Structures are given as C-alpha cells and as structure tokens.
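Novice: If you want the building blocks of each chain, they are given just below.
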Amino acid sequence: DTGVSQNPRHKITKRGQNVTFRCDPISEHNRLYWYRQTLGQGPEFLTYFQNEAQLEKSRLLSDRFSAERPKGSFSTLEIQRTEQGDSAMYLCASSQTGSNYGYTFGSGTRLTVV
Amino acid sequence: DAKTTQPPSMDCAEGRAANLPCNHSTISGNEYVYWYRQIHSQGPQYIIHGLKNNETNEMASLIITEDRKSSTLILPHATLRDTAVYYCISRINFGNEKLTFGTGTRLTIIP
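Just so you know, the protein sequences line up as chains F and D, in that order.
Positions 74 to 187 (my numbering) are the ones given, in order, by the first sequence.
Positions 57 to 167 (my numbering) are the ones given, in order, by the second sequence.
Honestly, the hints are just simulated from the structure, not real lab data.
You may find that some hints are simply not true.
Said to hold, decoys possible - With the Cβ distance kept under 8 Å, some of the chain F side facing chain D (calculated, not the full set): (1) PHE94; (2) GLN114; (3) GLY115; (4) LEU134; (5) PHE138; (6) PRO143; (7) PHE147; (8) GLU151; (9) TYR174; (10) GLY175; (11) TYR176; (12) PHE178; (13) GLY179; (14) SER180; (15) GLY181.
Claimed, not checked - Within a straight-line C-alpha distance of at most 30 Å, the following computed DSS-like cross-link-like pairs (lysine-lysine) qualify: (16) D/LYS154 with F/LYS130; (17) F/LYS144 with F/LYS84; (18) D/LYS154 with D/LYS125; (19) D/LYS125 with D/LYS108; (20) D/LYS108 with D/LYS154; (21) F/LYS130 with D/LYS59; (22) F/LYS144 with F/LYS130; (23) F/LYS144 with D/LYS154; (24) D/LYS108 with D/LYS59; (25) F/LYS84 with D/LYS154; (26) F/LYS130 with F/LYS87; (27) D/LYS154 with D/LYS59.
Fair warning: this is a prediction, and the values are worked out from it, not measured in the lab.
C-beta atoms are modelled at their ideal positions from N, C-alpha and C, and glycine is treated no differently.
Modelling step: build the complete structure from the supplied sequences, incorporating the hints.
Specialist: What follows is the structure in structure tokens.
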C-alpha cells in the first residue's frame with residue numbers, strides 16, 4: 074500500500090464546467106476526509122465519511138459540491154458549474170477508527186478554473 | 057477544539073535544533089496536541105501528538121508545559137528537507153473527527 078492516492082494531480086477547467094476528483098485511501102482505513110486549501114491558508118475541512126456514510130459536511134460545501142464513497146473504499150468529489158473561486162488544492166486524507174495517530178493525507182489535486 | 061497560535065515564520069540554521077512554539081491556552085483536559093507539516097506542493101504529514109507527557113519519535117520531540125497551555129515541537133538536527141509549514145492543532149480524540157488547521161509556522165532551514 075503506497076498511501077493515499079489522488080487523481081488527477083492537476084486539473085485546469087473552464088468556468089462553468091463540471092469536474093470530478095478521485096481519492097483512494099489506505100485500504101484498511103474506514104474514514105475518509107476531504108479538505109480544500111487556498112494559497113497561504115491551512116487546509117479547510119469539507120466533509121468526511123465513515124465507510125460509505127457521509128457523517129459531516131462543512132458549510133463550505135455548497136450545493137455545487139457533492140462527495141460520494143459508494144462502497145466504502147474510494148471516494149469522488151464533484152464540483153458542478155465551477156467558478157474561479159473554486160480554484161484551490163483539494164486534499165484527501167484517511168484514518169482508521171480507534172487510531173489516534175492522525176490522518177494520512179494524499180498529495181492533493183490542484184484545480185485551476187479559468 | 058481549542059484555538060492554537062503560532063508565529064507565522066521562523067528560520068533555523070542547518071544542523072541546529074529547530075524549536076517551534078505553539079500556544080493553546082484554552083485547551084481542555086481531553087484535547088490532544090497534534091503537529092503536522094506540509095512541504096511545498098504536498099499534503100500535510102503527521103509528525104507527533106501528545107496529551108500531557110512529553111513525546112519523542114523518529115521525527116521530532118514534543119514538549120508540553122505542565123499547565124498544557126503551550127507546547128514546543130523540536131526537530132533536533134534540522135536539515136534542508138525540514139523546510140515546510142508546521143501546523144499545531146488541538147483535537148479531542150474519538151470525538152469531533154475533523155482537524156482544524158490554522159495558518160501554521162513557515163520554517164526555513166538556512167544552509
């Protein structure tokens with residue numbers, strides 16, 4: 074297992090287009106998190122899953138954002154009708170219930186909306 | 057989760073110990089102190105965490121004051137690869153699951 078994998082690493086899209094990102098967590102981890110990071114800021118929490126259940130969503134996650142984890146393994150984050158303000162690094166992390174050793178983050182997907 | 061305060065930036069000479077402070081004066085008794093770092097263009101990396109006692113692992117040491125209102129992350133022999141943004145986060149384990157990041161400390165290791 075090579076850690077948390079995110080694809081694509083970079084995405085450039087035109088305003089108004091839809092984009093989808095994928096995250097493959099560490100296989101034995103049952104929790105999966107999405108964060109967003111803009112330049113000069115720390116990562117901001119978006120949502121998290123325990124297995125396939127989405128347990129918490131930030132108010133940052135507008136109606137244009139949707140996340141799924143259909144079989145409790147990989148997850149997708151979709152942004153519809155992208156806006157320039159959506160340009161950011163989207164980070165995925167995973168952890169295992171009962172472990173207090175923190176999350177393992179992926180390298181992120183950098184989205185640029187032009 | 058308690059709010060943490062860190063200096064925005066620090067420099068350290070290569071080979072010296074880097075001491076990164078963090079204030080968490082409103083931390084509650086069941087909140088842990090976590091440290092992560094983020095090297096440019098990568099996701100954050102877990103370093104260490106602690107509750108009351110000082111902790112050490114292969115990456116760093118964590119010194120927590122007796123009143124738990126502040127802590128210091130120590131990188132004993134800093135290398136150029138330690139240049140990164142370091143985040144101090146307080147969190148209740150097995151409760152609120154999300155990590156709340158601040159803006160961290162940008163540590164620059166000087167050759």
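Novice: Of the numbered hints stated previously, which ones are contradicted by the structure, given in increasing order?
Specialist: 1, 4, 5, 6, 7, 8
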